[in-house]
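Novice: Let chain A serve as the given structure and place chain B on it in line with the hints.
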Amino acid sequence: DVKVTQSSRYLVKRTGEKVFLECVQDMDHENMFWYRQDPGLGLRLIYFSYDVKMKEKGDIPEGYSVSREKKERFSLILESASTNQTSMYLCASSPGGPGEQYFGPGTRLTVT
Amino acid sequence: AQSVTQPDIHITVSEGASLELRCNYSYGATPYLFWYVQSPGQGLQLLLKYFSGDTLVQGIKGFEAEFKRSQSSFNLRKPSVHWSDAAEYFCAVGAYDDYKLSFGAGTTVTVRA
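Residue numbers (the working numbering), protein chains in the order written: chain A, 1 to 112; chain B, 1 to 113.
So that you can see chain A by itself, here it is in the shape it has in the complex (with noise of 0.2 Å):
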């Protein structure tokens, strides 16, 4: 079974904290993902990366960095976490090129 883990169920941060979400695929997979899921809006894509050390911007960026080191890991960044970004973050991996994606749980973000 592929397992996409990511590192917090929940977490709480300060308005102006550097946060850092951090995903772990174990399927060797190529693609990994990073969205954020709001009611009503569905899941929009914020950054992925089809390679180490390769990313792209997906359709809403601003506010956030990404970070693909290894090959299983890929890391979300807010330089300076606000408000409006407290939200559920979801993390996906797939192999090369188009097709399913696979999920993992998700970390519920809060700023306050």
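It cannot be assumed that every hint is accurate.
[Claimed, not checked] Cβ-Cβ distance ranges computed for the label pairs, FRET-style:
id	chain 1	residue 1	chain 2	residue 2	range
1	A	Phe20	B	Ala17	43 to 53 Å
2	B	Ala113	A	Glu22	37 to 47 Å
3	A	Asp28	B	Ile60	20 to 30 Å
4	A	Thr5	B	Ala113	34 to 44 Å
[Said to hold, decoys possible] Chain B is nowhere near these chain A residues, computed Cβ spacing over 12 Å in every case:
id	residue
5	Arg9
6	Lys13
7	Gln37
8	Ser49
9	Asp59
10	Ile77
11	Leu78
12	Ser80
13	Gln101
14	Val111
[Stated by the list, open to error] Residues from chain A shown here face chain B by an in silico Cβ test under 10 Å; the list is partial:
id	residue
15	Val4
16	Val52
17	Tyr64
18	Gly96
Treat the hints as calculated values from the structure; they're not laboratory data. Glycine residues also receive a C-beta, built at the ideal position from the N, C-alpha and C atoms.
Specialist: Okay, now just chain B, sitting in the frame of chain A:
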């Protein structure tokens, strides 16, 4: 770029009744289509997918979906729902030349006893 519309935000269905969730996509070529389910507090789980071939696709948990190119639709169905089917359902579309998927806004299903 591809996009997805799920016209129904919320559906309530009685246990044992049938369920149909609508999904319309926009894409010029043959799409890759997916249905995912998200139980409360969980990540997304793939129910079924369509890449090519038979337009009626069987998935897990007794779900099926039918691809209708003429209507740009990929509706999800289940003949008899169980209380455990209460969840949020997402339709997604991808393309043969793209790693990314575009997701709909989701449909929340409530099952009443």
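Novice: Against each hint, give a clear statement of whether it holds in the structure.
Specialist: Going through the hints against the structure:
1. A/Phe20 / B/Ala17: 43 to 53 Å: The hinted range 43 to 53 Å holds for A/Phe20 and B/Ala17, with Cβ atoms some 45 Å apart.
2. B/Ala113 / A/Glu22: 37 to 47 Å: holds, 41 Å
3. A/Asp28 / B/Ile60: 20 to 30 Å: With a Cβ separation near 24 Å, A/Asp28 and B/Ile60 satisfy 20 to 30 Å, so the hint holds.
4. A/Thr5 / B/Ala113: 34 to 44 Å: holds, 35 Å
5. Arg9: Given that some Cβ of chain B is not farther than 12 Å from that of A/Arg9, nearest at about 8 Å, it is violated.
6. Lys13: Holds, since 20 Å exceeds 12 Å.
7. Gln37: Violated, because the least Cβ-Cβ distance between A/Gln37 and chain B comes to about 8 Å, which does not exceed 12 Å.
8. Ser49: violated, 9 Å
9. Asp59: Violated, since 9 Å does not exceed 12 Å.
10. Ile77: About 20 Å separates A/Ile77 from the closest Cβ of chain B, which puts it past 12 Å; holds.
11. Leu78: holds, 20 Å
12. Ser80: Label holds. Min Cβ-Cβ 27 Å, cutoff 12 Å.
13. Gln101: Its Cβ does come within 12 Å of chain B, the nearest being 6 Å, so this is violated.
14. Val111: Its Cβ never comes within 12 Å of chain B, the nearest being 19 Å, so this holds.
15. Val4: OK, holds: A/Val4 within 10 Å of chain B, min 7 Å.
16. Val52: For A/Val52, the interface hint is violated, since the closest Cβ of chain B sits about 15 Å away, which is over 10 Å.
17. Tyr64: violated, 16 Å
18. Gly96: holds, 8 Å
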